[in-house]
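Visitor: So the chains spell out like this:
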Amino acid sequence: MKQLALAGLTVITVGAFGWYRGGDDAPAGITGTVKFTGTPPANPKIDMSEEAACAGSATTDPVVTVSNGNLADVLVYVKSGLPPGAAAAAPTAPAVIDQHGCLYRPRTVAVMVKQPLEIRNSDPVLHNIKAVPKKNRGFNISQPREGMKTTRTFTTAEVPIPLQCNVHGWMHANLAVLDHPYFAVTGPDGSFSIQGLPPGNYVLEAWHEKLGAQTMNVTVPATGNATANFTFSAK
Amino acid sequence: MTETGRRGGGSGNRSRPRGAVSIRVATAGACVALLLAPMPPTVPPARRPATPPTGPSPQQSPLSESAQRGKVVYDKWCLECHGETGAGDGAAAAFMLPRPRDFTGAVYQIRTTASGELPTDADIRRVIDNGMPGTAMPAWSGKLSETERNDLVAYLKSFSTFFEGAAPTPLEIGSEPGRSADGLAEGRATYETLECFKCHGDAGRGDGPSAPTLRDDWDMPIRAADLTSSWTFNGGSGVEDIYRRLRTGLDGTPMPSFSDVIEAGVITDAQLWRVAQYVRSLSPERPPAPREVIRAHLVSGSLPAGPADSAWNGVEKYYIPLVGQIIQKPRWFAPAVEAVWVQAVHDGSTLALRLSWTDRSNSPDPAWDEWLAAMATAVPEVDGSLAATQGPDRLTIQFPGRLSDDLERPYFLGGDRQRPVHLWRWTSAPDAVEEGAGSGLGRFTARAGGHQVTHQSRYDRGEWQVQLTRSLASSDSAEAPSFAPGVLVPIAFSAADGSNGEDEMRGAVSAWYGIYFDVPTPPSVFVIPVVAAGLTAGLGVVVVWRAQRRASGRSTSEGS
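Residue numbers (this note's numbering), protein chains in the order written: chain A, 506 to 740; chain B, 13 to 572.
Heads up, a few of these hints could be off.
Taking lysine-lysine pairs in the DSS-like style, the calculated list, with each CA pair at most 27 Å apart, reads [what the hints assert, rightly or not]: (1) 640(A) to 155(B); (2) 654(A) to 640(A); (3) 639(A) to 329(B); (4) 619(A) to 654(A).
Hints listed in this document are in silico derivations from the structure and should not be mistaken for laboratory results.
Hey, can you work out the whole structure from these sequences and the hints?
Guide: If you want it as structure tokens, here you go:
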């Protein structure tokens with residue numbers, strides 16, 4: 506009986522511990538939406554008539570993309586507050602940036618230090634891809650063929666690194682390199698989700714290439730998500 | 013004046029050139045002006061993008077002994093352009109385009125290493141030794157000792173912590189495949205596959221559709237290289253040099269590396285070599301040397317009908333380098349036209365000149381509005397701002413207003429009131445030539461007596477070709493100089509590219525040169541040698557005959 510009780514206690518203890526551990530794996534992070542209020546600034550006009558393969562792809566440079574009040578292409582990342590050792594190993598899966606219709610897609614892309622950035626050309630024309638960082642070494646490579654893929658990695662955290670194509674002077678993109686995996690970039694719906702964060706207090710930054718940066722203090726609970734909504738307006 | 017006239021050509025010229033001296037004087041004047049230019053207190057700081065280079069902060073570790081010695085050399089010779097902190101922002105920097113190198117980011121154009129990699133010490137040394145043709149960076153190999161140049165390398169590296177502990181290694185490259193016509197054709201085909209023409213243009217003159225939009229890493233406008241002038245290539249003009257530029261790219265500029273293209277199997281390594289061979293083939297075998305006297309060859313039969321006439325193909329070309337007009341305000345530090353090629357023929361009564369030069373745009377061209385806007389922010393405003401709209405392209409030929417026997421020449425920069433010049437001024441829009449008198453840069457009076465010069469112009473893929481024709485004799489020698497066979501006439505050139513913000517004042521100018529009009533060969537030239545040869549032969553026959561007679565007379569007397 507005593508043994509049974511001990512066994513039962515063990516089961517309960519292990520189970521409880523298991524439940525608790527399971528809690529650690531349960532979604533804990535930050536979710537939110539980035540909004541834009543007011544009239545978005547007019548995007549600069551671009552003329553792609555020089556490039557027949559891309560002509561008609563766009564008439565403006567999508568610097569600020571707002572749909573239904575939601576702001577796309579915002580980098581949201583943990584700026585400070587990570588406990589020591591919280592930065593995991595770099596993901597081996599590459600982040601991807603594509604060149605399509607003589608535009609970068611997405612406009613803003615983030616990788617972790619040492620995580621591969623895969624640069625694709627989905628256009629049947631030459632693109633060169635020039636990265637102009639300050640803290641990392643830059644590069645300037647060419648992709649004269651549709652379907653070409655090139656992979657590059659970065660050694661140092663840096664936000665932002667401009668990417669540009671000199672063949673098509675209107676092509677610009679933003680690359681962010683971070684020394685941890687707690688970042689996200691908003692899509693057209695303006696939403697983001699940063700998962701796997703240890704509970705604690707963080708400073709979260711939302712950065713947009715034209716609209717600037719905002720920070721917010723966020724407390725991540727042991728389980729569940731903290732919410733962080735940002736709102737930008739025309740500067 | 014003692015050595016002048018050595019190229020006067022023929023004994024028939026009544027006047028002798030002083031080209032050599034004037035060219036030196038003009039060059040010296042230009043150099044002095046260049047040195048003085050940065051000095052005025054009104055000079056603004058070099059315009060740079062607002063974001064200063066952050067990154068690893070420079071000079072964290074103590075300087076090595078070599079770097080300390082290098083600092084002394086740097087502060088004396090390099091600081092004025094490259095700046096105290098190596099940021100390329102010295103006092104003279106604003107007057108230079110391209111700007112002096114910013115060493116703080118360790119971004120170097122000419123390397124043997126992959127795109128984005130640091131240069132080797134030897135790479136940096138090579139640029140110090142040879143300079144950067146087509147920029148303000150001179151070659152230092154004759155000026156500084158080897159130790160001084162090595163010390164400079166050590167000091168330049170101290171401007172960026174990227175170099176700490178780095179050991180950049182050159183890309184391994186194979187050897188050049190043999191050259192052949194088929195190889196050149198493959199090179200041309202690969203030039204198209206890689207879309208080199210997007211920037212460098214179909215004929216390689218740097219006039220591709222993307223050329224007007226090009227910026228360097230510091231957001232300054234930068235010209236696509238004119239591949240027909242290999243002597244201006246920064247990294248050297250050999251096939252291997254060009255191949256290396258294709259493999260490494262030119263960091264800091266829009267020119268990418270094509271190494272990945274080989275790795276991806278889009279082209280082979282041999283094909284990239286073929287591109288280098290093809291690019292090299294677009295330039296003359298040897299760099300052209302300016303000559304002081306342009307010979308107007310005498311032709312029998314008709315003169316070329318226009319600038320595209322194949323008759324010009326066989327006519328000697330003279331290379332006339334131009335420099336920015338940096339003497340008289342508004343000065344111009346960023347000339348687009350580097351040189352004019354001149355050809356000249358006459359038929360005894362009429363002169364035909366053909367001028368051809370690389371100009372990346374047929375101004376005004378809306379595609380180049382963006383370039384003009386970029387230039388307006390890149391050049392210093394000390395001499396006023398650039399026109400908001402593009403003017404025409406210009407080519408001006410300058411003669412002395414009055415020819416004198418001692419070849420007295422007016423001031424090379426447009427003459428002055430005492431000694432005016434006679435000008436033929438061609439513009440692209442309207443496509444016209446004005447003739448008249450100049451009494452200083454920007455002071456022009458159109459000739460009252462009507463037009464004597466006829467012209468035809470042609471713009472072909474980054475090159476202007478203009479033919480100017482006029483009778484040797486002027487209808488009114490008081491207003492326009494008369495030319496004649498056997499005469500040497502001073503001549504000078506200037507050019508302006510409207511889409512580069514250039515105009516009557518802002519442009520590129522040459523020193524005085526001379527044009528010599530060949531004399532018809534007189535018949536006596538052909539008769540006299542024949543007569544002389546005949547007389548010599550006859551005399552020889554007589555001598556031999558007499559000698560033989562004497563000898564035979566002796567032998568006869570001996571035998572008797």
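Visitor: State for each hint whether it applies.
Guide: A quick look at each hint next to the structure:
1. 640(A) to 155(B): 35 Å, violated
2. 654(A) to 640(A): 24 Å, holds
3. 639(A) to 329(B): 47 Å, violated
4. 619(A) to 654(A): Holds, at roughly 18 Å.
Violation of the numbered hints given earlier is confined to hints 1 and 3; the remaining hints are satisfied by the structure.
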